[in-house]
Amino acid sequence: MTTWSDVFDRTEFGPAVFAVTPTHRRTVLGWAEAQDVPAVSNRDLYAPAVDGWAVLDGGITSVHPHSSTTPATTLPPGVRVVGFQALRLLVCELDLVRPPRPFPGEAWADVAELRRRHRSPDARLPSAVEKAELLASCVDGPSLRWVAATLLAESRALHR
Numbered sequence: 018m019t020t021w022s023d024v025f026d027r028t029e030f031g032p033a034v035f036a037v038t039p040t041h042r043r044t045v046l047g048w049a050e051a052q053d054v055p056a057v058s059n060r061d062l063y064a065p066a067v068d069g070w071a072v073l074d075g076g077i078t079s080v081h082p083h084s085s086t087t088p089a090t091t092l093p094p095g096v097r098v099v100g101f102q103a104l105r106l107l108v109c110e111l112d113l114v115r116p117p118r119p120f121p122g123e124a125w126a127d128v129a130e131l132r133r134r135h136r137s138p139d140a141r142l143p144s145a146v147e148k149a150e151l152l153a154s155c156v157d158g159p160s161l162r163w164v165a166a167t168l169l170a171e172s173r174a175l176h177r
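Position one of the sequence shown corresponds to residue 18 (the numbering used here), numbered consecutively onward.
Everything labelled a hint here was simulated from the structure, so no lab data went into it.
The beta-carbon is built from N, C-alpha and C at its ideal position, and this holds for glycine as well.
Hints are supplied without guarantee of correctness; some may be wrong.
Taking CB as the label site, the calculated pair distances span [to be verified]: (1) A174 / S137: 15 to 25 Å; (2) T44 / P116: 10 to 20 Å; (3) R115 / A51: 16 to 26 Å.
Sequences are here, hints too, so could you generate the full structure?
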């Protein structure tokens with residue numbers, strides 16, 4: 018059985034930012050593309066091509082491997098999950114062995130509740146579109162750290 022840590026790695030971009038391992042990127046992107054959630058693509062001329070999907074307390078961001086980038090100032094290509102609830106939902110949807118306990122700072126919600134919220138009309142509100150836009154704006158480390166910290170703070174404020 019595949020465990021969550023076979024698919025996702027912790028990152029230096031914040032406590033709720035997880036990199037998808039290269040062998041599982043296509044699976045995660047396929048899942049994201051099949052969801053009825055806001056998705057935004059950023060195709061600026063002198064920045065990497067980035068896609069973002071809003072999922073629960075964060076979402077998924079993908080920096081395309083064929084983007085013209087300057088390595089010192091941009092994120093390396095890859096797929097990242099932002100948000101503890103987004104990660105939990107993905108782990109369950111991909112039928113992975115779950116983390117045994119909550120992450121430090123994670124607001125716990127059971128899987129049925131995460132699935133219900135993910136499929137609710139609220140998942141497509143203008144605020145979710147803004148979340149997808151924020152995720153698609155993550156072209157470098159500082160922007161990803163800022164977006165992740167902002168979304169984490171918002172999630173914590175909602176779940177107090």
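Here's how the hints hold up against the structure:
1. A174 / S137: 15 to 25 Å: holds (20 Å)
2. T44 / P116: 10 to 20 Å: holds (18 Å)
3. R115 / A51: 16 to 26 Å: Once the Cβ atoms are compared, 21 Å apart, the range 16 to 26 Å for A51 and R115 holds.
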